[in-house]
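*Asks:* Residue numbers (numbering that gives the first Met the number 0), protein chains in the order written: chain A, 0 to 162; chain B, 0 to 441.
Quick caveat, the hints were computed from the structure, so don't treat them as lab data. The model shown is predicted, which means the values in this text are computed figures rather than measured ones. The hints are all genuine.
Some chain B residues near chain A, calculated using beta-carbon distances under 10 Å:
no. : residue
1   : L339
2   : F340
3   : A341
4   : G342
5   : C344
6   : A345
7   : P397
8   : A400
Quick list of simulated restraints, FRET-style, between CB atoms:
no. : chain 1 : residue 1 : chain 2 : residue 2 : range
9   : A       : D119      : B       : P44       : 33 to 41 Å
10  : A       : D113      : B       : V45       : 48 to 56 Å
11  : A       : R68       : B       : A201      : 57 to 65 Å
12  : B       : D122      : A       : L84       : 56 to 64 Å
13  : A       : G98       : B       : R372      : 40 to 48 Å
Every residue gets a Cβ at the ideal spot worked out from N, C-alpha and C, and that includes glycine.
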Amino acid sequence: MTVTLTVNGADHALDVDPATPLLYVLRDDLELNGAKYGCGLGQCGACTVHIDGKPAFSCLTPVGAVAGRRIRTVEGLGSAGAPGLLQQAFETEQAAQCGYCIAGMIMRAQALLDRNPDPDEAQIRAHMQTNLCRCGTHMRILRAIRRAVALRKGTQSAQEVRR
Amino acid sequence: MKRTRWAPWRAGRGTAGRWVAGGVLVCLVGIGAFLGIAYRSGLPPVSPPKVETFPAETLARGAALAAIGDCIVCHTADGGVPYAGGRALATPFGTLYSTNITPDPETGIGTWSTDAFKRAMRDGVSRDGSHLYPALPYDHYRQVHDGDLDAIYAFLMTRAPVVAPARANDLIFPLGFRPLLAGWKLLFLHQEEFTPRPDRDAAWNRGAYLAEGLGHCSGCHSPRNLAGAEETGTKAYSGGLAEGWAAPALNGSSPAAVPWTADSLFTYLRTGVDGRHGAAAGPMGPVVHGLSRAPEADVRAIATYIASLSADRPGTAPKTPALPERTAEAARVNPAGASLFAGACAGCHEDGAPMMTQGRPGLSTVTALQLDRPDNAIRAILQGFHAPTGPAGPAMPPFAASLTDTQVADLAAYLRSRFSDRPAWTALETAAATVRQEESQP
Chain A
0 MTVTLTVNGA DHALDVDPAT PLLYVLRDDL ELNGAKYGCG LGQCGACTVH
50 IDGKPAFSCL TPVGAVAGRR IRTVEGLGSA GAPGLLQQAF ETEQAAQCGY
100 CIAGMIMRAQ ALLDRNPDPD EAQIRAHMQT NLCRCGTHMR ILRAIRRAVA
150 LRKGTQSAQE VRR
Chain B
0 MKRTRWAPWR AGRGTAGRWV AGGVLVCLVG IGAFLGIAYR SGLPPVSPPK
50 VETFPAETLA RGAALAAIGD CIVCHTADGG VPYAGGRALA TPFGTLYSTN
100 ITPDPETGIG TWSTDAFKRA MRDGVSRDGS HLYPALPYDH YRQVHDGDLD
150 AIYAFLMTRA PVVAPARAND LIFPLGFRPL LAGWKLLFLH QEEFTPRPDR
200 DAAWNRGAYL AEGLGHCSGC HSPRNLAGAE ETGTKAYSGG LAEGWAAPAL
250 NGSSPAAVPW TADSLFTYLR TGVDGRHGAA AGPMGPVVHG LSRAPEADVR
300 AIATYIASLS ADRPGTAPKT PALPERTAEA ARVNPAGASL FAGACAGCHE
350 DGAPMMTQGR PGLSTVTALQ LDRPDNAIRA ILQGFHAPTG PAGPAMPPFA
400 ASLTDTQVAD LAAYLRSRFS DRPAWTALET AAATVRQEES QP
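Please take these sequences and the hints and turn them into a complete structure.
*Replies:* Pasting the structure below:
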């Protein structure tokens, strides 16, 4: 069966079983390897991508369910040469240790910033709760998100963000 | 319009005067009588009692009873300080906000005497004499023994005081006028202190006392009448609604695929999941959270009592649906639903999936798929739920972002036809849209 996917603004017609998880199609067919397979149960968030602007677990999303809807992956935020604001902040804060969860973390955080450009600490923590990091870099991840918020506002120095 | 014949003012002046005077008198007597019934005096304030005035044993018992009564659930706002109130309680009559029951003297119950506390619990009257809404289930708390109310009072009065003024309620006119509640109480507040049944054993009686009193199980699991009071008699425990979730019947009309036993109820109430009925979601989650910390014997007693309510259920043999045939038929009728199930659900719920090796319930025994209403299945799919007892408990991720209302409807229809032999659900897409709309509201 042919399924048409719109990923990071580009359309792809794919011959695929509609029950296939979106994550497999992104990685295996479209070679977008940012999103990772973590638990396959929707409990860790490593596979997080955006569907119509909302964060979703791509490992539990049948590809047939998202035909024609807007899918955004971490590759859609920027590239290694030209990273997006949040990607840059993660890099500056060195928020990755093994890096396996990071694409999911960034996409989850991006969904928050798209909806609320100036979240407070409690809102950030509540929003990020669904994503896990087994290395334990959560504090750096939170710092990276705060940095991105401050960079976007442009009113605080990076030093202030560090606190 | 036809003119009415009954027109006393058209009769002689003297007669009219008598009619008017009589009418006014009747009204005044009526209003006076009503205000007399509605009026409750304020009780004198006391200084907040000190911790050391309560024996440790009383405090421990109060903590256990408060856990069974689930005070904390309604009296804590989302993300708020425990017992400081402020949680929005949606009712058919508008939104109520729970109040601060920490011992803060200004905004909490710090100046309440034991008598004031007991009056609130039994008569639904605040210390200042104003009537409390029956969202506080005083119809149940009337059944609680004196000593237990003393213990709960001791427990609450020794929490850390929090300054948290009550939020104004948002009720339909004229229900903001509290004296009207006296009328409600005249009609519906007749419960008496619990008396044990001599033909039942101690565990059953303990369970009945806790479930009917502090536990107020029937507050959700019984239907309510137009005035918001619980139906009693044969309608008691025949199923109700709580915050948009169906609270399944616990009496003989229980829809459970496999009958409940005291053991399975104990497991469910204690851990939030039972292998042959499902997981506690929605408002049942916090109930389990409380019971997971309550004394084990009390939870067993509640399970014994609740199991006895459906003991007369017809057809107590476990159903054995011919699953393979049903699966093929469900997929034939609803290929879209089958495909969604394979991609979104099978990883946990299909036979042989990792979760199924951990004693989690198979979908053919999950009560949510056996209910007349699809609400619980749809809510679980869209919103998911957290483990009520901590990270190792049962949980489900939400699918609101990945599935459209049409897809949720297809999936729910497939689940129903594959895992239940009950009639197909209708208006599924509308039901999904309704839940999603609620979700999007702040």
